[in-house]
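Position chains X and C against the provided structure of chain G, taking the given hints into account.
Chains as they are written, first to last, in this note's numbering: chain G, 1 to 320; chain X, 1 to 308; chain C, 1 to 391.
Treat the hints as calculated values from the structure; they're not laboratory data. All clues given are correct.
A short list of chain X residues far from chain C (calculated; beta carbon distances all over 10 Å):
1) 68
2) 71
3) 127
4) 159
5) 161
6) 163
7) 167
8) 168
9) 172
10) 173
11) 285
12) 291
13) 297
14) 298
15) 302
Think about it this way: if two alpha-carbon atoms lie no more than 25 Å apart in a straight line, the pair counts; the simulated DMTMM-like pairs of lysine to aspartate or glutamate are:
16) 41/C - 285/G
17) 390/C - 336/C
18) 268/C - 129/X
Interface residues of chain C toward chain X, partial, derived using beta-carbon atoms under 7 Å:
19) 37
20) 205
21) 222
22) 225
23) 226
24) 233
25) 234
26) 235
27) 255
Cβ atoms here follow ideal geometry from the backbone N, Cα and C, with glycine treated the same way.
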Amino acid sequence: MSALTCLRNPANAFTALVLLVFATGPVVMPLIGEPFYVIVFARIMVWAIAAVSLNLIMGYGGLISFGHAVYLGLGGYAVGILAFHGVTSGWAQLAVAIGASAAVALVFGAISLRTRGVYFIMITLALAQMIYFLAVSAEQYGSDDGLNILSRSDFGLAFYDLNDQATLYYTVFAVLLASVGVSARLVGSRFGAVLRAAKSNDTRVQAVGVATYRYRLTAFVIAGVMCGIAGFLQANLESFVSPDMMSWPRAGELIFMVVLGGMSTLFGPVTGAFVFLMVSDTLAEWTIHWHIIFGPLLVLVVLFARGGIAGLLNRKSANG
Amino acid sequence: MDHVLLIEQFLNGFQLGIILFLMAAGLTLVFGIMDLVNLAHGSLFMIGAFVGGTLALLTGSFILGVILMIPAMLVIGIAIEMTALRTLYARDHLDQVLATFGLILFFNEATRLIWGPEGLVVPLPAFLDGSVEIGLGITYPVYRIVIIAVGLAVALGLYILVGRTRIGMLIRAGASNRTMAGALGVNIPKLFSIVFGIGAVLAGLAGLIITPITQAQIGMGEDVLILAFVVIVIGGIGSIRGAFIAAIVTGVIDTMGRSFLDVLLLLFLPANAAESAGPALSSMLIYILMAAILFFKPQGLFPPKGAQ
Amino acid sequence: MLRKLLGSAAVLTLLAGPAAADGIKIGFVTTLTTPAAVIGKDMRDAVDLAVETLGGKMAGKDFEIVYADDEFNSQKGKQATERIVLRENVDIVAGYIWSNVLLASAPVVLGADKILISANAGPSPLAGAQCNKNFFNIAWQNDQTPMALGELLNQQGVKSLYLIAPNYAAGQNMVAGVERTFKGEIVGKDMTVWPSQRDWSAELTKVKAAKPEGIFTFYPGPAGPAFIKQYQQAGLEGEVPLYSVYTLDAISLPLFQKANMETVLGTKMTQFWVQDLDFPANKKFVADFRAKYGRYPSFYAAQAYDSIMYIASAVEAVGGDISDTDGMRAALEKADFDSVRGPFKMGNNHHPIQNFYERTVVKDADDNWTTAVGRTVLKDHQDPYASQCKM
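Only chain G is shown next, with the shape it has when bound in the complex (with noise of 0.2 Å):
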């Protein structure tokens, strides 16, 4: 199919949208008036990247994961600490967020994928929350008040400076294609095939002879990874870190953009984060209430647009 003719799908096009908005930002808006939209839109694609993750777990693996925003706070108080203590270079503060997230996913994974269904859902959460109240009485480093980073991960080189807002920028969209790319090679590959099997049928596959716990915490873990990264982004770009990045209701609110781009689809997390924010946003500044519509619109999306707006757009274009 060429790609012309993938466009024509309307979900497809919706998507080739997103990004082109994502890629021409820093450009297009300061032109049209409208600067701030560059750091909401780096914002956005930060949230893309750990949705991206979380439907690997989620849409494709079956796996609900309501304690998923924990990988964001791991990657971000790994910059927010280091550089407490003085330590600013890029590599390290990285490898401790990569590192972090990995041992955390890999005992969370241990313990959580021993259970199924609601139950999975609550230990899930309930992890969290253990990491989640960690940070709150971390007095020292900011405990509720969350904690001032200072200075950008520094990479010492001389050509890559993330203290250009440009760089940051690209740098977060970079990692978000790369996200993406990740995700449909694990999904289309042999690994990404026992994952969707097993949740369509847990028992046959293992019935097969396949050993699905493995491959689901392999899954959990490259999960908690890919949104750690996304955590050591977000610190550089907020310069700052706090709990309540990784409270149950940024939890709750990631496996929404999940649902509402369209569950496993690979670019349903990127276009859901995109609409979840823009509504948010562009609602809160309507009226302080905004809640009142926002929670209801939520409740439709779920009741009526179970596919998400992939599902959607795809279901019109089924139409014609």
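Okay, now just chains X and C, sitting in the frame of chain G:
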């Protein structure tokens, strides 16, 4: 550390456990019978506090407010069930989580629009305020004793309801095998409405009786909700007995942790760290407990027999 | 779809509005949602009153207030600040109730080289090592009021004290303040989880066991009434007197009065401002506020009102030319305006050097519960962090 402090903190923990039990009982009933994950259960807690509190202020009597709250919450609960939640029974848990998450936003904002952002202060009648000597040289707030008594009475009532009445039998049948019960002629939709109504009353009661202590405010149900979910997971989903035991254990651990953990920590850490780590770490204790229990018993302590 | 997006982009551009050609834009960050919005409302009302009193003009130029909501959250407050600084392009930023929100948001304003005026939050870093030429505090530094309270306790002859406060920047400052000046013994200290912990049964039980001569507490906003309720229910009323700062004020007192909690009548606290301070600017402010809103202003309102008048005095000093930031700063350092607290000076760290008075909760002539000024506990007091500020 004298016995007075120990016993008082134990009672405080027990009282917290009672509140958690009221929340968890409704939650476990709804989840056990209707297989519905309802995040908005915390909103029912809040609505009970505001509606009941308003009734108390209007009638000038807190007791009257509690009594009137019961039919009010029954009506409100059934109304919510029939309009917003019916469509969710057929959906999977993810849909239920997301839809009820959206409902939380709606209820919080609606409450703010109706009652304003300040919340509600509900006074107690004079005879319930103040403390009383309960022996062993301990004086304890009268009202907290009342809460414990009410909670135990409700627990007893639920036990009788579920174990000894016709409706209870229908509830247990529905929990065991919904399709079969329906095939045998039980009006499932009506049963579900009633169960949800009961859950709403329990949540509303919890919210209302804690209000004279902590004041009613927007979003007050959210922290309790998470704890209530932990409780029912530990106790076993669908089991009221499990909910009771898990709730009391959770309440006691949380309160005793907050009181004594910093003393314990002082043995290992400098004073500053021990002081602030104590309360936060004790909140972690509950989750550690839950993780440990689920590790050995993935279905909780008392999963109902024959549950699907 | 493409058309829709372009359309909304166009709408957004229109909504951004033309930059007020010759006017002054003042951003005011406060809490407009969540239960803590009661404080934000009081401040907003005061700011609106100030705008009205000034006739919407400073030095002949039109000015407008752009309100932003911090949602009682540091991250959201920071984002709200970003929005008004980077998108609305305000000239000056004021407000900030909460110390944690201020600490997170200050870099945004100061990094954009704009003037930031705190109308409430007074965290120690900004008074000391992190003081900034563009940052001014028109209210107080967090430690000052409890330092005055510690001094009051000494004067009352209290020998032992138990401290209960929330575990965040301001709570820690309050406790530190009391510990600085109180000469008696601290028999216990509990820093509670903020803002989620609203049941103090565990801590109050410990107080009973410790048997101190007084409890010191700090619970701003809606947590105040909840704490005092539980203090009363624990049977501590009459046993262990309650001393507080920023817990009983014109916002919470009506709630107490409605619930008939007579236990608060006669309680003492300290503050830099009281409703019945006998200065012309204050008399006018309180009278105007009562006339317009039918209630007493809280100290939050007084500070918010002062912040606008303070800015106005600086704008007047530069003849309306706010691009003259050096001139603005010089004027703000002089603080030459009629504050509702009476005459005061600005310290080297841009925090006020002012008096602190004893306040008691009383019933006024119309049977409303309010506070009355007593003796001056600290005169011309400067915060303890001024020496750490290199300005």
